[in-house]
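**Student:** My request is simple: use the sequences and hints to build the entire structure.
So the sequence shown is numbered by my numbering: it starts at 1 and just counts up by one.
Honestly, I wouldn't trust all of these hints.
Restraint-style ranges between C-beta atoms, simulated for each label pair [what the hints assert, rightly or not]:
1. 10 <-> 106: 42 to 52 Å
2. 24 <-> 185: 40 to 50 Å
3. 59 <-> 211: 17 to 27 Å
None of these hints come from the bench; they were simulated from the model. Quick reminder that beta carbons are idealized off the backbone N, C-alpha and C, glycines included.
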Amino acid sequence: MIQQGLLADALRQSIIDGEFAPGSKLSEAMLAGRFEVSRNTVREAFRVLAEQGLIEHTPHRGVSVAAPTIADVIDIYRSRRTIECTVLRGCEPQHPAVQRMTGTLEEAERLIPEEEWRGVGSANMAFHVALVDLADSPRLARTYRNLAAELRLVFLEIDDPRALHEPFVRKNRIVLDALLNKGPDAAADALEDYLIQSERLVLGAFSRMGKH
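**Tutor:** See the structure below:
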């Protein structure tokens with residue numbers, strides 16, 4: 001039996017891992033049986049995930065995994081630019097989190113020749129989580145954790161993981177090299193360019209899919 005306090009985290013991980021596709025319905029009874037918890041515990045987990053933007057309650061239809069819209073994509077990337085670029089401009093290049101950024105980037109680069117795109121995507125996200133940790137702010141880290149989960153839902157909507165992840169491994173390398181060799185402002189400028197290009201790619205994919 002899973003501990004009650006961990007159910008929301010377990011469901012959250014299942015969602016961002018793609019086990020439950022965006023828009024798919026979530027059965028309260030099925031999840032209660034799977035995790036061996038009460039239905040009240042599942043409802044509480046649903047409440048937490050709804051606050052994080054990962055699930056939606058629709059009258060007369062129940063609970064489903066959130067299906068991001070174009071407006072969601074724009075807001076997510078606006079938030080990313082605000083958080084990540086601000087953190088980078090004010091960071092110390094000798095911060096221990098830079099080592100984690102380096103390690104996750106090397107992992108992504110290692111996986112590209114193997115075309116392990118899911119792993120590349122996870123390593124890419126870990127790079128940006130480590131970047132936000134440069135701020136030494138647990139509250140900011142929690143905020144970004146939720147934002148990153150919503151971003152993974154966005155990525156799950158697009159059936160082209162190579163286009164989503166491969167170009168931005170190189171962009172991450174540019175950001176890290178700029179931080180180490182040119183300083184925080186140059187790195188933040190490179191990151192802003194990265195995020196603008198990533199947003200355009202995602203919005204273009206959503207438009208071709210007919211999403212609104």
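**Student:** With respect to the beta-carbon atoms only, verify the hint that residue 10 and residue 106 lie 42 to 52 Å apart.
**Tutor:** violated (29 Å)
**Student:** Take a look at whether the Cβ-Cβ distance between residue 24 and residue 185 falls inside 40 to 50 Å.
**Tutor:** holds (43 Å)
**Student:** Could you see if the CB distance from residue 59 to residue 211 stays within 17 to 27 Å?
**Tutor:** holds (22 Å)
Against the hints set out earlier in the document, a violation occurs for number 1 only.
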